[in-house]
Amino acid sequence: MSVPSSSPVIELSDIWLSYHDVPVLESVDLSLARDDYVAILGPNGSGKTTLLKIMLGLIEPDRGTVKVLGGSPQSARGRVGYVPQRFNFDLGFPITVSELVLMGRLHVRGPGRRFRREDHDQAASMLERVDLGKLGHRQIGTLSGGQLQRALIARALAASPELLLMDEPTASLDERIGRSLWELLEELSHEMTVVIVSHDVGAISRYVRSVACLNVRMHYHKSKELTAEVLEATYGCPVDLLAHGHPHRVLDSHGHEHPHAGHAATDDEGHGG
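If you use our numbering, the sequence shown corresponds to residues 1133 to 1405, in order.
In short, the hints are calculated from the structure, not lab data.
Being a predicted model, the structure only gives us computed values, none of them experimental.
Some clues are possibly wrong.
[As the list claims (entries may be wrong)] BS3-like, lysine-lysine: derived pairs with alpha carbons at most 27 Å apart:
{"#": "1", "residue 1": "K1199", "residue 2": "K1185"}
{"#": "2", "residue 1": "K1354", "residue 2": "K1185"}
{"#": "3", "residue 1": "K1354", "residue 2": "K1199"}
Let's have the full structure, built from the sequences with the hints guiding it.
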């Protein structure tokens, strides 16, 4: 059953998590409504991917409350679409694009049950939605990076989710393909709540409706404006420039009294969570 429009789609309250006594998340609070389109921004190792996995019920926090679509993350499975940062299957496996997308119907149909005509129709419809309608017969290993990313989105959409979670959706794509993917996600955000982990600050500024900055602790104020104060709190030092291959945003200069004044934060060092 769908969550009422007035209820939060995601509600995290006082989330704490440590690995081997190393803090990963501290006192994280986040409440997202049905019409939210949020990007989670932060440096390497800031807990972004971990936070997504908590929303999915794949990781239990040490303490705190997690509600997704009005209940536990486990109860929301099948109503949440997820596109991971890294592919977890062999691209040489003999499976077609249509069969890959059809896997998104497993939560709807249930394990061990045969797919019905409506499942195949839904998979075909989602392939059309992501402009891959003519490639359903292709083996997945023959797709380009951008095409495979779209196929994974189609798989996530096949179950008609109310919430879409994506981890670095444009990390391995060139600028042109990445831009078209952001445009697709913006379109989808009018139909479901979308949460994206991303380093692509330029796209964040253009497409999303709000930004949550995370570096163990969360900074979120329901806006997509990235202030110098929020960025300094997130990256741990004053930030003059944020770049992803080329400049996206220049902030006011900082004084030289800070040991890291003039620091340029880049996101080309890797994409760990």
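Need the list of violated hint numbers for this structure, in ascending order. none
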